[in-house]
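*Asks:* Once you have looked at the hints, place chain Y on chain Z.
Going line by line, the protein sequences match chains Z and Y. Residue 611 in the working numbering sits at position 35 of the first sequence, and the numbers go up by one each step. Residue 18 in the working numbering sits at position 8 of the second sequence, and the numbers go up by one each step.
The set of hints was computed from the structure by calculation and includes no laboratory data. Honestly, I wouldn't trust all of these hints.
Straight-line C-alpha distance at most 20 Å; calculated EDC-like pairs for lysine to aspartate or glutamate [as the list claims (entries may be wrong)]:
{"hint": "1", "chain 1": "Y", "residue 1": "Lys-308", "chain 2": "Y", "residue 2": "Asp-273"}
{"hint": "2", "chain 1": "Y", "residue 1": "Lys-379", "chain 2": "Y", "residue 2": "Glu-265"}
{"hint": "3", "chain 1": "Z", "residue 1": "Lys-598", "chain 2": "Z", "residue 2": "Glu-695"}
{"hint": "4", "chain 1": "Z", "residue 1": "Lys-598", "chain 2": "Y", "residue 2": "Glu-190"}
{"hint": "5", "chain 1": "Z", "residue 1": "Lys-692", "chain 2": "Y", "residue 2": "Asp-282"}
{"hint": "6", "chain 1": "Z", "residue 1": "Lys-637", "chain 2": "Z", "residue 2": "Asp-609"}
{"hint": "7", "chain 1": "Y", "residue 1": "Lys-308", "chain 2": "Y", "residue 2": "Asp-243"}
{"hint": "8", "chain 1": "Y", "residue 1": "Lys-308", "chain 2": "Y", "residue 2": "Asp-319"}
{"hint": "9", "chain 1": "Z", "residue 1": "Lys-637", "chain 2": "Y", "residue 2": "Glu-177"}
{"hint": "10", "chain 1": "Z", "residue 1": "Lys-598", "chain 2": "Z", "residue 2": "Glu-698"}
{"hint": "11", "chain 1": "Z", "residue 1": "Lys-579", "chain 2": "Z", "residue 2": "Asp-622"}
{"hint": "12", "chain 1": "Z", "residue 1": "Lys-598", "chain 2": "Z", "residue 2": "Glu-587"}
{"hint": "13", "chain 1": "Z", "residue 1": "Lys-692", "chain 2": "Y", "residue 2": "Asp-280"}
{"hint": "14", "chain 1": "Z", "residue 1": "Lys-692", "chain 2": "Z", "residue 2": "Glu-605"}
{"hint": "15", "chain 1": "Z", "residue 1": "Lys-692", "chain 2": "Z", "residue 2": "Glu-600"}
{"hint": "16", "chain 1": "Z", "residue 1": "Lys-598", "chain 2": "Y", "residue 2": "Glu-195"}
{"hint": "17", "chain 1": "Y", "residue 1": "Lys-202", "chain 2": "Y", "residue 2": "Glu-190"}
{"hint": "18", "chain 1": "Z", "residue 1": "Lys-692", "chain 2": "Y", "residue 2": "Asp-250"}
Here chain Z is said to cover these stretches of chain Y; the calculated rule only asks that three of the stretch's residues, wherever they fall, bring their Cβ under 8 Å from a Cβ of chain Z [what the hints assert, rightly or not]:
{"hint": "19", "region": "167–179"}
{"hint": "20", "region": "187–195"}
Glycine included, each C-beta is placed from N, C-alpha and C at the ideal position.
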Amino acid sequence: MAKILVADDSETILLLVQTRLKMEGHEVETAADGQEVIDTVLRAADNPHDIFLLDAMMPRKSGIDALRELRAMGVETPVLIVSAHTDGGDGNGDRADLEIDGYVNKPIDFDRLFAKITELTER
Amino acid sequence: MLTGLAVIGVARFLQQRQDYENATSRSYQQEIDARSRLAAGQKPAAARATIVAQQQRRQTLRDDIANETRDTALLVGAGLIAGLTGAALLFTGLIASMRRPLEDLVDASGQLAGGDLDARVKVGGLSETATLGTAFNEMADELQRRAGERDQLDRMKDEFVLTASHELRSPLTSVQGFAELLLLERERLTPKQAETVEVILDNTRHLVRLLNDLLDLARSDAGRLTIRPEPTDAASLIEDAVRTMGAQLDGRRQELSQEIGADLPQVEADRDRIRQVLVNLLTNANEYCPEGAGIEVKARRAGAEVEIDVIDNGPGIPPEQLDHIFERFTRGDAGETQRVGGTGLGLAISKSLIELHGGTIAASSTAGKGSIFRVRLPAIGVSNVSEAERSGAEA
Numbered sequence: 577m578a579k580i581l582v583a584d585d586s587e588t589i590l591l592l593v594q595t596r597l598k599m600e601g602h603e604v605e606t607a608a609d610g611q612e613v614i615d616t617v618l619r620a621a622d623n624p625h626d627i628f629l630l631d632a633m634m635p636r637k638s639g640i641d642a643l644r645e646l647r648a649m650g651v652e653t654p655v656l657i658v659s660a661h662t663d664g665g666d667g668n669g670d671r672a673d674l675e676i677d678g679y680v681n682k683p684i685d686f687d688r689l690f691a692k693i694t695e696l697t698e699r
Numbered sequence: 011m012l013t014g015l016a017v018i019g020v021a022r023f024l025q026q027r028q029d030y031e032n033a034t035s036r037s038y039q040q041e042i043d044a045r046s047r048l049a050a051g052q053k054p055a056a057a058r059a060t061i062v063a064q065q066q067r068r069q070t071l072r073d074d075i076a077n078e079t080r081d082t083a084l085l086v087g088a089g090l091i092a093g094l095t096g097a098a099l100l101f102t103g104l105i106a107s108m109r110r111p112l113e114d115l116v117d118a119s120g121q122l123a124g125g126d127l128d129a130r131v132k133v134g135g136l137s138e139t140a141t142l143g144t145a146f147n148e149m150a151d152e153l154q155r156r157a158g159e160r161d162q163l164d165r166m167k168d169e170f171v172l173t174a175s176h177e178l179r180s181p182l183t184s185v186q187g188f189a190e191l192l193l194l195e196r197e198r199l200t201p202k203q204a205e206t207v208e209v210i211l212d213n214t215r216h217l218v219r220l221l222n223d224l225l226d227l228a229r230s231d232a233g234r235l236t237i238r239p240e241p242t243d244a245a246s247l248i249e250d251a252v253r254t255m256g257a258q259l260d261g262r263r264q265e266l267s268q269e270i271g272a273d274l275p276q277v278e279a280d281r282d283r284i285r286q287v288l289v290n291l292l293t294n295a296n297e298y299c300p301e302g303a304g305i306e307v308k309a310r311r312a313g314a315e316v317e318i319d320v321i322d323n324g325p326g327i328p329p330e331q332l333d334h335i336f337e338r339f340t341r342g343d344a345g346e347t348q349r350v351g352g353t354g355l356g357l358a359i360s361k362s363l364i365e366l367h368g369g370t371i372a373a374s375s376t377a378g379k380g381s382i383f384r385v386r387l388p389a390i391g392v393s394n395v396s397e398a399e400r401s402g403a404e405a
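Only chain Z is shown next, with the shape it has when bound in the complex:
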């Protein structure tokens, strides 16, 4: 089972994702924007997350911007980007350098999400 950091600006979606992931037996931490993501990651330096599940668009600091900063700090945790757009394209610029491990579209297909998490934790 994995330790997963989930970020979304919608409390309802955080609750939903957290509930489903916990039902699958994962350990979940949440963040409401990009800055909280960075703070949570830094706090968990001793017991790092296995996967980040970040919403691409969040107010103040987006998931993409947070990831860019984390990658610059040398954090290599696998990341799944949750996007409202079917192709993940939402005007956040070039992200070829960010080592994104997959995209999850909204509404979330949880069976697919669980399969991706399994794939990422087992490799």
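*Replies:* Chain Y only, in chain Z's frame:
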């Protein structure tokens, strides 16, 4: 000069013609008088002489007027030619001075029509061509201004659709997610409750489909519908789509079968997008066909392409609808759409997606017998030559 002479000549001729008619008329009168006298037996010799004399006189008058007519015609002809030559000379000069600006106008119009809204002409030459040039440039300015406004409106519309789609997706994610969560604990729900949650889920999925279609359409319009193609096993693509459809078809007791050719090559395909197209075709077949209908997916290699047919034995599509079936918001006849829950966008989007893959999609139908939707996708590593040879052999 000669033209003036011709005018005078014609006037003189008209006078002569009048004189001729008067003289002829008088001559006839005298002959008639003479014939009356002859009939009355008064001086028959003199009367006969008068009749002959008047006949001869009219002959002379006719000869004269004929000569005059010929001369006048010649004069008028010469005058006309002279006039035309003069006019031609004048025109040649005029045309020469208009030619350059007109050619510029023709060139600029062509550029404008071809979409180059920066096309303008140099204003100059005669005052008429200068006016024309100015008018053209003003028109081009106006066109450019309007095109700019239209582009901006288009961008605003695209932006709106993207934003609306994003904003709608979060609440939809919650509704769908929590409804699914409830169903995960189905054993703790009463059957009525479970059914209610399923209705919520069905409708949420329909909304999501509508939203996705609108988004795809807006992207397609903006030229931003993109695919991420990669070498893909065509057979697994089809099996994937058929599996996705399986549960839905069971509900209406329709038979879904597949027949996949053994040597199906790989295609360069965006897996999600091709599945979207195939599921769309299968959903249409499912929804427009009555219970118990048969739906078949056949795939084979056809030369340098993979050909996928979605065949049903439903009511078929009337020819007048078939012509427009890939246009947006075209749907089966109204009676059917009451029951069928589509958006009228599926086939328009499917066509855009298949064309992005470099493929084609076509529909054929026979009333009462069913419909065939045929998708053709370019295969990887199969040369066109084999198809040419094949069709050559068949012919």
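*Asks:* If a hint holds in the structure, say so; if it doesn't, say that too.
*Replies:* Comparing the hints with the structure gives:
Between Y:Lys-308 and Y:Asp-273 the alpha-carbon distance is near 13 Å, which keeps this suggested pair within the 20 Å criterion. A threshold of 20 Å between alpha carbons decides the hint, and for Y:Lys-379 with Y:Glu-265 the separation of about 16 Å falls inside it, so the pair holds. Under the criterion of a C-alpha separation no larger than 20 Å, the hint pairing Z:Lys-598 with Z:Glu-695 is consistent with the structure, at around 18 Å. Our distance criterion of 20 Å between C-alpha atoms is met by Z:Lys-598 and Y:Glu-190, whose separation comes to about 15 Å.
Between Z:Lys-692 and Y:Asp-282 the CA atoms are separated by roughly 16 Å; this keeps the pair inside 20 Å, and the hint holds. Note on Z:Lys-637 and Z:Asp-609: the hinted pairing holds, with a Cα-Cα distance of about 6 Å set against a maximum of 20 Å. The suggested pairing of Y:Lys-308 with Y:Asp-243 holds, with an alpha-carbon distance near 15 Å, which does not exceed 20 Å. This hinted pair checks out: Y:Lys-308 and Y:Asp-319 have alpha carbons roughly 5 Å apart, not beyond 20 Å.
Between Z:Lys-637 and Y:Glu-177 the alpha-carbon distance is near 18 Å, which keeps this suggested pair within the 20 Å criterion. Distance restraint check for Z:Lys-598 and Z:Glu-698: the Cα-Cα separation of roughly 18 Å lies within the 20 Å cut-off, and the hinted pair is therefore satisfied. Straight-line distance between C-alpha atoms of Z:Lys-579 and Z:Asp-622 comes to about 13 Å, which keeps the hinted pair within the 20 Å bound. Our distance criterion of 20 Å between C-alpha atoms is met by Z:Lys-598 and Z:Glu-587, whose separation comes to about 16 Å.
For a cut-off of 20 Å, the pair hint linking Z:Lys-692 to Y:Asp-280 stands: about 18 Å separates their Cα positions. For a cut-off of 20 Å, the pair hint linking Z:Lys-692 to Z:Glu-605 stands: about 18 Å separates their Cα positions. Under the criterion of a C-alpha separation no larger than 20 Å, the hint pairing Z:Lys-692 with Z:Glu-600 is consistent with the structure, at around 13 Å. A distance of roughly 15 Å separates the Cα atoms of Z:Lys-598 and Y:Glu-195; the hinted pair therefore holds under the 20 Å criterion.
Restraint check for Y:Lys-202 and Y:Glu-190: satisfied, since their Cα atoms lie roughly 16 Å apart, inside the 20 Å limit. Restraint check for Z:Lys-692 and Y:Asp-250: satisfied, since their Cα atoms lie roughly 18 Å apart, inside the 20 Å limit. Figure legend: the region 167–179 of chain Y, annotated as covered by chain Z; annotation consistent (4 residues with Cβ-Cβ distances under 8 Å, at least 3 required). A stretch counts as covered by a chain when three or more of its residues have a beta carbon under 8 Å from one of that chain; for the region 187–195 of chain Y and chain Z the count is 5, and the coverage holds.
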